[in-house]
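**Student:** Now for the letters of each chain:
Number of protein chains: 2
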Amino acid sequence: MALELYHAGLTTCSKKARLCLHEKGLDYISHYVNLREFENHTPEYLAINPNGVVPTLIHDGKAIVESTFINEYIDEVFPGPALSPSDPVLRAQMRSWGKMADDYGLAAVRIPTWSRTKLAAIDALKESNNLDAVVARIPLMDHRDKYRQIAAGGFSEKEFEDAYAKMDFVYDRVELALQEGGPYLVGEMFTLADINMLPFIDQFAKYRPQLIDDGAHPQTKAWLDRVMARPTVVKVYNPSDEAPARPPARSQSAA
Amino acid sequence: MALELYHAGLTTCSKKARLCLHEKGLDYISHYVNLREFENHTPEYLAINPNGVVPTLIHDGKAIVESTFINEYIDEVFPGPALSPSDPVLRAQMRSWGKMADDYGLAAVRIPTWSRTKLAAIDALKESNNLDAVVARIPLMDHRDKYRQIAAGGFSEKEFEDAYAKMDFVYDRVELALQEGGPYLVGEMFTLADINMLPFIDQFAKYRPQLIDDGAHPQTKAWLDRVMARPTVVKVYNPSDEAPARPPARSQSAA
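Protein chains in written order, with my numbering: chain A, 1 to 255; chain B, 1001 to 1255.
I should point out that these hints are in silico values taken from the structure, not numbers from a laboratory. Hints may be right or wrong, so weigh each one.
[What the hints assert, rightly or not] Far from chain B by the CB rule (all over 12 Å, computed), these chain A residues:
1. W114
2. K126
3. L178
4. K206
[Stated by the list, open to error] Stretch-level coverage of chain B by chain A, calculated; a stretch enters the list once three of its residues show a Cβ under 8 Å from a Cβ in chain A:
5. 1066-1072
6. 1129-1137
All residues carry an ideal CB built from backbone N, CA and C; glycine is no exception.
Isolated chain A (complex conformation) (with noise of 0.2 Å):
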């Protein structure tokens, strides 16, 4: 009756499956998968999770993927706090966040973040001339292409721009629903749209720090002040035994 969850500590998705375990009250075994040693693109890790992404969660010896579906599945599992609207209209609304999260999310922080975190295991691949070995391996073709534009000098600006321009996307639908709505992103109560769209709405303000500060976004910010004091958001977000701290990245030189 174990439940266990792989992931990448303090990345973005494996934040919000840890946030919702942690939410939940529940206790899981934590493994620990070292995304600079490319161990979640070993054969063992593949037969949990195809695609080579964390996380994974393991229920009773199933595998369950994607951290936004991860999320609804726990919560409809198991006992605890609900964080999922019982109005269906809400609940769409709390899915449409999740998608959100990943088309806009997870593909805007990608770039800037990509581009300082797999520099220096690339430039190791390359110096043991086991790059395109290793790039290979990786099943999202997606990913592949990512890594390779990395290794050759980077991504362009126009890629930067348009990461920019959904961070700025995203903080408008934000500020728009808590404005009509609020405090939380579907209303009254906490729920799984707050926890898959957190990592992004915090991680954004640190690279586009103009979206806080600028007054434009005055119901984000105050709701990024509160989520993020909540005494589970501390302790999921911050270095823990579970969630080591990353190494300092650098910067791809100016594209």
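On the provided structure of chain A, position chain B as indicated by the hints.
**Tutor:** For chain B alone, coordinates are given in the frame of chain A:
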């Protein structure tokens, strides 16, 4: 207590929602949104769907967006045959297929489809000097970009290659799932996974007949034949009063 669907008939995501409604045996008021006339970007339509995409479901005056979540909403709220498994593990798998329909299905089909279907409207806009104004009203930046690309000569060879690679990836994953399980995508039961993936598996076979002909996807071919023969699918996937035949489209010049 009305149920209304705003949709674009025989386009992929509209077929998803229409098929779900027909499978549940629900009556609804059909509103055809003419994409060639940009009716999905009018202020009236944006009031119910801020992304300016189809379909949108209206139930008791409330708008539900995103075809995947529209379908989950319909299945949760209305009587009729269940289209989601009761086992939460299978439900998570069903949701992952919904995400694959978006991330690979829609992303892949859009390149060859838009390069054909949008040309006439874009040429007419160019001729009347309205292109910039109309494109500026499109809410999603990715859609604006694609319109501008088509207007400027079309998608690149790399974009077509990526789209075809995504189609191959989807067929391989579908084949694997059906060989390990079946007869439907998440096992014994016909679910939203089948409904949400169908327009893409069907359309991919038209763009890449080798996916069906080369003998590498026998279970996928059998699944496609079986699902396409359902009376609801015959009704939804063929031209009708609700879903008029689309005018013949011409192709962009070779990229």
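**Student:** Hint by hint, say whether it matches the structure.
**Tutor:** Each hint, compared with the structure:
The beta carbon of W114 of chain A sits about 18 Å from the closest Cβ of chain B, which is more than 12 Å, so the claim that it is off the interface holds. The Cβ of K126 of chain A sits about 23 Å from the closest Cβ of chain B, beyond the 12 Å cut-off, so the non-interface label holds. Distance check on L178 of chain A: its Cβ is at least 15 Å (rounded) from any Cβ of chain B, clearing the 12 Å threshold; non-interface status holds. The non-interface label for K206 of chain A is consistent with chain B: the shortest C-beta to C-beta separation is roughly 22 Å, beyond 12 Å.
Only residues whose C-beta sits within less than 8 Å of a C-beta in chain A count toward coverage, and the region 1066-1072 of chain B has 5 of them, enough to reach three; the restraint holds. Coverage of the region 1129-1137 of chain B by chain A is violated. Counting CB-CB distances below 8 Å, 0 residues qualify, and the rule asks for three or more.
Hint compliance for this structure: hint 6 alone is broken.
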